[in-house]
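Peer 1: Keeping their order, the protein sequence lines are chains E and V.
Here the first sequence is numbered in full-length UniProt numbering, starting from 1 and rising by one per residue.
Here the second sequence is numbered in full-length UniProt numbering, starting from 1 and rising by one per residue.
Hints are computed from structural coordinates only; laboratory data are not their basis.
This structure is a prediction, so every number in the text was calculated from the model and none was measured.
Keep in mind that a hint or two might mislead.
The list makes no distinction among identical chains, and a pair is therefore deemed to hold if it is satisfied within one copy or across any two copies.
Said to hold, decoys possible - Derived BS3-like pairs: lysine-lysine, alpha-carbon spacing no greater than 30 Å straight-line:
| # | residue 1 | residue 2 |
| --- | --- | --- |
| 1 | 147 | 214 |
| 2 | 147 | 288 |
| 3 | 147 | 283 |
| 4 | 214 | 283 |
| 5 | 214 | 238 |
| 6 | 126 | 249 |
There are 2 protein chains.
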Amino acid sequence: MKRILALALATTALAGAAAADDLRDRAAQTFKPLPSTVPAVADNPASPAKIDLGKALFFDPRLSASGVFSCYSCHNLTTGGDDNMETSVGHGWQKGPRNAPTVLNAVLNEAQFWDGRADDLKAQAKGPVQAGVEMANTPDNVVATLKSMPAYNDWFAAAFPDEVDPVSFDNMAKAIEVFEATLITPAPFDAWLNGDDAALSDQAKAGLTLFLDKGCSACHSGVNIGGHGYYPFGLVEKPGAEILPVGDKGRFAVTATADDEYVFRAAPLRNIALTAPYFHSGKVWDLKIAVQIMAESQLGEAITDTEADQLVAFLDSLTGTMPAVTLPVLPAETAATPRPTTNVLP
Amino acid sequence: MKRILALALATTALAGAAAADDLRDRAAQTFKPLPSTVPAVADNPASPAKIDLGKALFFDPRLSASGVFSCYSCHNLTTGGDDNMETSVGHGWQKGPRNAPTVLNAVLNEAQFWDGRADDLKAQAKGPVQAGVEMANTPDNVVATLKSMPAYNDWFAAAFPDEVDPVSFDNMAKAIEVFEATLITPAPFDAWLNGDDAALSDQAKAGLTLFLDKGCSACHSGVNIGGHGYYPFGLVEKPGAEILPVGDKGRFAVTATADDEYVFRAAPLRNIALTAPYFHSGKVWDLKIAVQIMAESQLGEAITDTEADQLVAFLDSLTGTMPAVTLPVLPAETAATPRPTTNVLP
Numbered sequence: 001m002k003r004i005l006a007l008a009l010a011t012t013a014l015a016g017a018a019a020a021d022d023l024r025d026r027a028a029q030t031f032k033p034l035p036s037t038v039p040a041v042a043d044n045p046a047s048p049a050k051i052d053l054g055k056a057l058f059f060d061p062r063l064s065a066s067g068v069f070s071c072y073s074c075h076n077l078t079t080g081g082d083d084n085m086e087t088s089v090g091h092g093w094q095k096g097p098r099n100a101p102t103v104l105n106a107v108l109n110e111a112q113f114w115d116g117r118a119d120d121l122k123a124q125a126k127g128p129v130q131a132g133v134e135m136a137n138t139p140d141n142v143v144a145t146l147k148s149m150p151a152y153n154d155w156f157a158a159a160f161p162d163e164v165d166p167v168s169f170d171n172m173a174k175a176i177e178v179f180e181a182t183l184i185t186p187a188p189f190d191a192w193l194n195g196d197d198a199a200l201s202d203q204a205k206a207g208l209t210l211f212l213d214k215g216c217s218a219c220h221s222g223v224n225i226g227g228h229g230y231y232p233f234g235l236v237e238k239p240g241a242e243i244l245p246v247g248d249k250g251r252f253a254v255t256a257t258a259d260d261e262y263v264f265r266a267a268p269l270r271n272i273a274l275t276a277p278y279f280h281s282g283k284v285w286d287l288k289i290a291v292q293i294m295a296e297s298q299l300g301e302a303i304t305d306t307e308a309d310q311l312v313a314f315l316d317s318l319t320g321t322m323p324a325v326t327l328p329v330l331p332a333e334t335a336a337t338p339r340p341t342t343n344v345l346p
Numbered sequence: 001m002k003r004i005l006a007l008a009l010a011t012t013a014l015a016g017a018a019a020a021d022d023l024r025d026r027a028a029q030t031f032k033p034l035p036s037t038v039p040a041v042a043d044n045p046a047s048p049a050k051i052d053l054g055k056a057l058f059f060d061p062r063l064s065a066s067g068v069f070s071c072y073s074c075h076n077l078t079t080g081g082d083d084n085m086e087t088s089v090g091h092g093w094q095k096g097p098r099n100a101p102t103v104l105n106a107v108l109n110e111a112q113f114w115d116g117r118a119d120d121l122k123a124q125a126k127g128p129v130q131a132g133v134e135m136a137n138t139p140d141n142v143v144a145t146l147k148s149m150p151a152y153n154d155w156f157a158a159a160f161p162d163e164v165d166p167v168s169f170d171n172m173a174k175a176i177e178v179f180e181a182t183l184i185t186p187a188p189f190d191a192w193l194n195g196d197d198a199a200l201s202d203q204a205k206a207g208l209t210l211f212l213d214k215g216c217s218a219c220h221s222g223v224n225i226g227g228h229g230y231y232p233f234g235l236v237e238k239p240g241a242e243i244l245p246v247g248d249k250g251r252f253a254v255t256a257t258a259d260d261e262y263v264f265r266a267a268p269l270r271n272i273a274l275t276a277p278y279f280h281s282g283k284v285w286d287l288k289i290a291v292q293i294m295a296e297s298q299l300g301e302a303i304t305d306t307e308a309d310q311l312v313a314f315l316d317s318l319t320g321t322m323p324a325v326t327l328p329v330l331p332a333e334t335a336a337t338p339r340p341t342t343n344v345l346p
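Okay, chain E solo, but in the shape it has when bound (with noise of 0.2 Å):
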């Protein structure tokens, strides 16, 4: 008797442990797990120096015309690497139009911004220095400012050794997108990909499976589980105008094709526990709400509440772990600094 339960058991283990590694073969096919080492950018090379320039960047205030905003602001390295608002506020309190992705893993997406405007994230770091509802300032008056400081001299020829004038908008945004390409999130998904069965919960196994099975994975898939691939928000079912509002038409304002109306850039799903509220339109503060929409406007699925769970704990199991990111020491204004002003332009 004693045997045949000891038989039983093993049994029972064995099939589990099959069905683990059923399950990570079907999601190796989909997912891949995030690289051990800093990824790579094109055309931009990546040194010390030009990561600490780029961490100095990304937290100066002295980028934006009014002092009051840096890329950190809206890219809260504390809050999952977004602001936790419908939109942004930028200056003079104005609202952005769409809600503020995460910069953590942006380096993985394959295109920026959520209509995949800028392709890459130098490209990407130059808009909202520029854009009047965000930074408000202009490229000269930020290489003026850069150029007022001699540390920012010294960290621009230590960043980019063989240039004669290092200190130049482009290479802002270039240092920039080094410092941000360090900030990617290891999670447990990763873990169990990588073979650690105990990462991921029972839960959170059914979510990953039912993610696979509906279809999410279409969509969101790939090392950022989306943030690659453009499809209509409102696949099968349009949402109401309260979270799909009818005056931002997605991508159609890059291509001027019909077919992009209401397209959007797949969301990519790290972290995305830590970065309510949801879409683009930032209207929906409830992770599972959010689910049961996409379910409902791209799969055309009423999904059940347990399974709305279940793709929940899925999706938890993607918060990774922030590299920890020490505060730099800025350079002090010169007289030759441009003074901040918090006018706005007519």
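Use these hints to put chain V onto chain E, whose structure you have.
Peer 2: Relative to the frame of chain E, chain V by itself:
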């Protein structure tokens, strides 16, 4: 001949050493080097758990009604512990009434704010959170926000282990105070006070001599080179209204005593080279000009250009080394977390 020269040189060196000791003896009667350990604060014993909680709170923008501002916004630890603005920008793009003082070494001030209206940092910390032009929040909303996140409940319980209901507005302020007390910045002047002759340049020593001789040190003394004692701005000669606006009567608002009109706490001068613009009005960007204004308004002296440069060299020696601050990882909002609002109350 060689012996005479050697003797002469030795005598000069000895005289130099004696002069250095004389100056150090004089300085030691007026100033004190920073302590080698974090200062204790009254009625608020520190612990690692309390310091960690305070750091989390210091960086948490959800202490503000809008979710835009944290303590760090105006007391930016990358730029000398202040915000490099005339007066800070707060809720609704409103401007604060006075220049934001540095949080660095603020624990060493006798009282907080330009008018000393808060006895200590725990009293100070409650002010900006509630000020309509700053973070525009209420104690009740802050407590509801903190209680909505399980990790904060755990962290408050660990920081205040003997309390039944540890998540409170008072305890928020106490935790912030013990974190802020860790922000002390040893400077070359401390090294020199502690016996390192090479830590001050001759120019800085000449400036220190002037600082003592002219009477600057009558107000700016002690371990924080100021930060205690109240004096009229314009003791000898009132500066113009562009620097001393008539509408801000300083400590008069606290004491309602006619003698306290235009009286302010003597500013602490550590890291002063990092914290332009200067004075409670934030109207002067150049430290040398600020020194010249002080000489005229407080001492009735027009100092020479050379003297001003020497005084600035001494002030530069008060720029200290920041402690390494690693960003905290804050908990995510829950369904119970009050939502941010950017609305401005009429």
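Peer 1: All the hints need checking, so say for each whether the structure fits it.
Peer 2: Against the structure, the hints:
no. : hint      : verdict
1   : 147 / 214 : neither (54 Å within a copy, 36 Å between copies)
2   : 147 / 288 : between (48 Å within a copy, 21 Å between copies)
3   : 147 / 283 : between (41 Å within a copy, 23 Å between copies)
4   : 214 / 283 : within (24 Å within a copy, 62 Å between copies)
5   : 214 / 238 : within (18 Å within a copy, 75 Å between copies)
6   : 126 / 249 : within (22 Å within a copy, 44 Å between copies)
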